[in-house]
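Please construct the entire structure, taking both the sequences and the accompanying hints into account.
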Amino acid sequence: MSSLFKKELLGEKNWIIGFCGFVLGVNFLFLPLTKVTEGFMAMMVIFFTLPAFPLMALVRAFLIWKNEWDSNTNFLLLSLPLRGYNIVLSKIGVLALEIFLYVFLVFFIPYLMLTGFTDQFSLDVLTFSKLWFLTAFRILLIVPFAMFSYLFGRIFSRAQGWITAGSLVGLLIIYSQYLHFGRKIFSYLPEVSMRFTLAGDVETFSLNIATMMATFLFCVILTLASCFFIEKAEL
Amino acid sequence: MIEVKKLVKIYDDVYAVNSIDLTIEEGAFVGLVGPNGSGKTTLLKLLFGFCRPTSGDIKINGKSPGVELRSEISFYPECDSTYHWMKTQDLINWYASFFSDWNKDKEKELIGFFDLPRHRCVAHLSKGLRAKLKLVLTLSRDAKIFLLDEPLSGIDPASRANIISGILKAYRAKQTFIFSTHIVSDAETLFERTIFMKEGNIIIDGKSDALREEYGKSMDQIFKEELYE
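Order-wise, the sequence lines are chains W and G.
Those letters in the first sequence? Residues 1 to 235, per the working numbering, in order.
Those letters in the second sequence? Residues 1001 to 1229, per the working numbering, in order.
These aren't lab readings, by the way, just hints derived from the structure by calculation.
Treat the hints loosely; a few may be bogus.
[Unchecked claim] Lysine-lysine pairs mimicking DSSO-like chemistry, simulated, CA-CA at most 27 Å apart:
no., chain 1, residue 1, chain 2, residue 2
1, G, K1063, W, K6
2, G, K1063, G, K1174
3, W, K66, G, K1087
[Stated by the list, open to error] Now the in silico label distances, taken between C-beta atoms and shown as ranges:
no., chain 1, residue 1, chain 2, residue 2, range
4, W, S71, G, E1199, 23 to 33 Å
5, W, H180, G, G1066, 33 to 43 Å
6, G, K1006, W, F133, 25 to 35 Å
7, G, D1142, W, I155, 29 to 39 Å
8, W, L50, G, S1019, 49 to 59 Å
9, G, K1006, W, S187, 29 to 39 Å
10, W, S176, G, S1100, 40 to 50 Å
11, W, W69, G, S1019, 47 to 57 Å
12, W, A225, G, A1161, 42 to 52 Å
Bear in mind that the values here come from a model prediction, so they are computed numbers and not experimental data.
Even for Gly, the Cβ is constructed at its ideal location relative to N, Cα and C.
Okay, structure coming up:
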């Protein structure tokens, strides 16, 4: 599995460099204004780089498989004597690394600038880590949806594109129905609250862990199904 | 041993493979010949488990095709399936790391024989060299069964002769080879048994020498006359 993961990592290196370059570029353009704008620009950098990223993660999860199919490397990959979970988990692993790295850069550079150049902002390291982990983890939960849809489409020998699109829509409907039930399973979990100081005011916000864990459980099921589908894919 | 019973594969209402019955003994070198669209690739994909039959049954050494059999079968795809961003030797090392039956001596012998540049990026190799690289990946194993899908397709005549010699070099007794091609003239001397396919059906199947004697023609002539009539 480690050599499969290494191969995926090297294959995705251009995407990783591209994403990191984008974050660094945006920071380079806007952060010099941090001091003048009393921290406002550092917050703006996060708004420029983060909101579109979940959609990008969805597209990346499709592309990581589509590239194999388009370049026919699926013949080499699927000729390996490996169970489907090795292949699926190595791809999820690389996407997880990509997402966690991107979100880290999105938060870390503005965090440094805000704490370094203004006395209006404060955020302790533990809260920063929680914010980073929970944001990245929530984005990562998008990946199994795309992977499931793509691989479900590949087990059919015709209309694969339509089946992929249909299964993604169907999956979202099932997920929305499931969520009411899923939240109840994890309702015993407490909310995670985070505090930071901005412009002299103490801001607190909390995150519903029950929803996140219910989604995680749903994603585990989708990943197991994807591991099965990859072994049944029609080439 | 490969046993195929009443095998059918339908794509978009077209019978790619139409009720085929076939038995291939261990150690046979079989030529699977036929024009484009005759069902050769589909049959090989079905044997490897790259697609599922619409109906019928396949048993290879008593097992159905799938992940469990991939450690026993080596498959050569017709299309370029290599990772272009890798270097030749890196790709070979990476692929080899998954197989317990990888034969390092065979790998070195084939790389030398095909004169394959070890440290060049796959993207910078010619089509012929990429075909040879795929052959190194396929033939360097001590697998029980080798499924070669059109290894001569799109290759110039000089390289075709080189590829055939490479395949002969890799061949070991008790290994089963199924070699699909529509370029019969170059490869016919390899086949001890030849299966002619047309429109998803097997139309001629027999020992190559017996067929030459029966028809009084070379395999290439039988191919041109029987399949295109």
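key: Numbers of the earlier hints that this structure fails to satisfy, in rising order   = Failing hints, ascending: 1, 6, 9, 11.
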